[in-house]
Each structure stands twice: as structure tokens, then as C-alpha cells.
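A.B. asks: Going down the list, the protein sequences come from chains A and B. Taking this note's numbering, I'd label the letters of the first sequence as residues 1 to 111. Taking this note's numbering, I'd label the letters of the second sequence as residues 1 to 115.
Everything labelled a hint here was simulated from the structure, so no lab data went into it. Be a bit skeptical, because a hint or two may be false.
Said to hold, decoys possible - Restraint-style ranges between C-beta atoms, simulated for each label pair: (1) A/Lys42 - B/Asn28: 36 to 46 Å; (2) B/Leu115 - A/Ala53: 46 to 56 Å; (3) B/Asn28 - A/Lys59: 41 to 51 Å; (4) A/Pro111 - B/Asn51: 44 to 54 Å; (5) B/Thr86 - A/Asp39: 14 to 24 Å; (6) A/Ala10 - B/Lys69: 24 to 34 Å; (7) A/Ala10 - B/Asp56: 21 to 31 Å; (8) B/Val52 - A/Glu17: 48 to 58 Å; (9) A/Glu58 - B/Leu19: 40 to 50 Å; (10) A/Ser83 - B/Asn51: 33 to 43 Å; (11) B/Thr86 - A/Lys79: 28 to 38 Å; (12) A/Thr5 - B/Thr86: 22 to 32 Å; (13) A/Glu58 - B/Pro83: 39 to 49 Å; (14) B/Asp56 - A/Pro111: 45 to 55 Å.
The structure displayed is predicted, hence computed values, not measured ones. We put the CB at the ideal spot given by N, CA and C, even for glycine.
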Amino acid sequence: EDQVTQSPEALRLQEGESSSLNCSYTVSGLRGLFWYRQDPGKGPEFLFTLYSAGEEKEKERLKATLTKKESFLHITAPKPEDSATYLCAVQKKSSGDKLTFGTGTRLAVRP
Amino acid sequence: EAQVTQNPRYLITVTGKKLTVTCSQNMNHEYMSWYRQDPGLGLRQIYYSMNVEVTDKGDVPEGYKVSRKEKRNFPLILESPSPNQTSLYFCASSFWGGQYTGELFFGEGSRLTVL
Numbered sequence: 001e002d003q004v005t006q007s008p009e010a011l012r013l014q015e016g017e018s019s020s021l022n023c024s025y026t027v028s029g030l031r032g033l034f035w036y037r038q039d040p041g042k043g044p045e046f047l048f049t050l051y052s053a054g055e056e057k058e059k060e061r062l063k064a065t066l067t068k069k070e071s072f073l074h075i076t077a078p079k080p081e082d083s084a085t086y087l088c089a090v091q092k093k094s095s096g097d098k099l100t101f102g103t104g105t106r107l108a109v110r111p
Numbered sequence: 001e002a003q004v005t006q007n008p009r010y011l012i013t014v015t016g017k018k019l020t021v022t023c024s025q026n027m028n029h030e031y032m033s034w035y036r037q038d039p040g041l042g043l044r045q046i047y048y049s050m051n052v053e054v055t056d057k058g059d060v061p062e063g064y065k066v067s068r069k070e071k072r073n074f075p076l077i078l079e080s081p082s083p084n085q086t087s088l089y090f091c092a093s094s095f096w097g098g099q100y101t102g103e104l105f106f107g108e109g110s111r112l113t114v115l
């Protein structure tokens, strides 16, 4: 069975304190791994797609990386506006459009 | 402004009383989908639609119906709601192919409570 596990469940950082969020997965035949940001009371917002081990994507203070077993979302010098829940999801080549989501990491950045 | 609009945003209802959650997108997207989000379970797909008049079941379709008569609208119908359908519901849409790149546009969610 496909599984996506995100850790930690919650993370509190001081403004400027860099850290990483982890998304480990067990999927045979990965098509892609996706990262989303979800603010309280809002729907998820697409951030990145990663397709193969070694691939990296960047956007402002966020950088996503992928290995054969896990993905990391690195946050460099975070700001309070980076506070949100970060979700990752995987999609198998054989499962059409189906996404398997993790339960997210709640990030709080204190000023 | 490009958006996915869901209504109602909040609803408290009773067991067995039919309800419809509407979803409309103004981006001319072919693909639309419904998810439910429950604590500890993540987002799970209920139904999806590749285009007008084409719908299919997701992971948790029991107790739900959908229709896609127009490209912009994709309502979610609960014919006889039960308490286990209490959840936060999201509608999402994407351009053709976006469902394979993760580039989904989500609505703001509809929080449903069934008593």
C-alpha cells in the first residue's frame, strides 16, 4: 500500500532559523511528488513538482529536494509569513490522477 | 481573478437531509475533483471529472454523487448525509494535464457538520 509520512507533525522556528521538513514515501513507480502550502481556512496552494531522484526546485526561501525514498522541503531564513501547513503528495505512474497525501507539517515562525 | 468558488463555506445539517455543495471555476479548466480532509488522514479524493459529462470515482466515493453538466461547475451531492461525512471538503481544478503535474487550484473549502 502506498504511504506518505511527513515529519515532524509540528515545527516552531524563530524568524531566520533555517530548517527542513521531511516527506518519506513508499510508492512503486513514482510519477511525481508534489508540495503544497495550506494556510488556515484556505485550500492547499501548489508549490513544487519533483519527478526524479536528485531533482531540486526553489522558490524564494523554499527549496525542495527528492531522493528515492524521501523529499525534503528546506526553509532558509524563514519569516512569519511562511507559517502554514505544508503538505506533500505522491502520484504513481499506474494510478492515473490519484494523489496520496501526507498529513502535513504545521510550521510556525515566530518574529 | 482566477478562482475556484465553493458554497456553502460552512453548513450544519442533520442526518438524512439531502444537500449539495457547489463548486465553480472561472479558468476554463477541463479537470475538476472533490477531496475531503480529515484529521490524521490527509486529503482523500472523492470523485473527479476529466471533462463535461465524464466523471469517475476516487478513493472514498460512498455516499456521494457528482455531476458535470457544464465545464465550470462540479457540484457534490450528499443524498442522505450521515455523521461520518462530517468533514472539510475541497474542490480543485486544473488545466488538462495539470492533474499529472500536481498543479491543482483548490477552493477555500466547505466545512460540513452532520448531526
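A.B. asks: For each hint, tell me whether it holds in the structure or not.
C.D. replies: Going through the hints against the structure:
Taking 36 to 46 Å as the suggested C-beta distance range, the pair A/Lys42 and B/Asn28 does not conform, at roughly 23 Å. Between B/Leu115 and A/Ala53 the beta carbons are some 48 Å apart, a value that agrees with the proposed interval 46 to 56 Å. Remark: the range hint 41 to 51 Å for B/Asn28 to A/Lys59 is contradicted by a beta-carbon distance near 26 Å. Remark: the range hint 44 to 54 Å for A/Pro111 to B/Asn51 is upheld by a beta-carbon distance near 47 Å.
The beta-carbon spacing between B/Thr86 and A/Asp39, approximately 22 Å, falls within the hinted interval of 14 to 24 Å. Checked against the hint of 24 to 34 Å, the C-beta distance between A/Ala10 and B/Lys69 comes to roughly 43 Å, which is inconsistent with it. Checked against the hint of 21 to 31 Å, the C-beta distance between A/Ala10 and B/Asp56 comes to roughly 35 Å, which is inconsistent with it. At roughly 49 Å, the beta carbons of B/Val52 and A/Glu17 sit within the given window of 48 to 58 Å.
As the Cβ distance of A/Glu58 to B/Leu19 is approximately 43 Å, the hint placing it in 40 to 50 Å holds. The hint said 33 to 43 Å for the Cβ distance between A/Ser83 and B/Asn51, and at roughly 38 Å that hint holds. In this structure the hint that B/Thr86 and A/Lys79 lie 28 to 38 Å apart at CB holds, the actual value being about 35 Å. Between A/Thr5 and B/Thr86 the beta carbons are some 25 Å apart, a value that agrees with the proposed interval 22 to 32 Å.
Between A/Glu58 and B/Pro83 the C-beta distance comes to about 44 Å, which sits within the given range of 39 to 49 Å. Restraint check, B/Asp56 to A/Pro111: a C-beta distance of roughly 46 Å satisfies the suggested window 45 to 55 Å.
Going down the numbered hints, you'll see the structure goes against 1, 3, 6 and 7, while the others check out.
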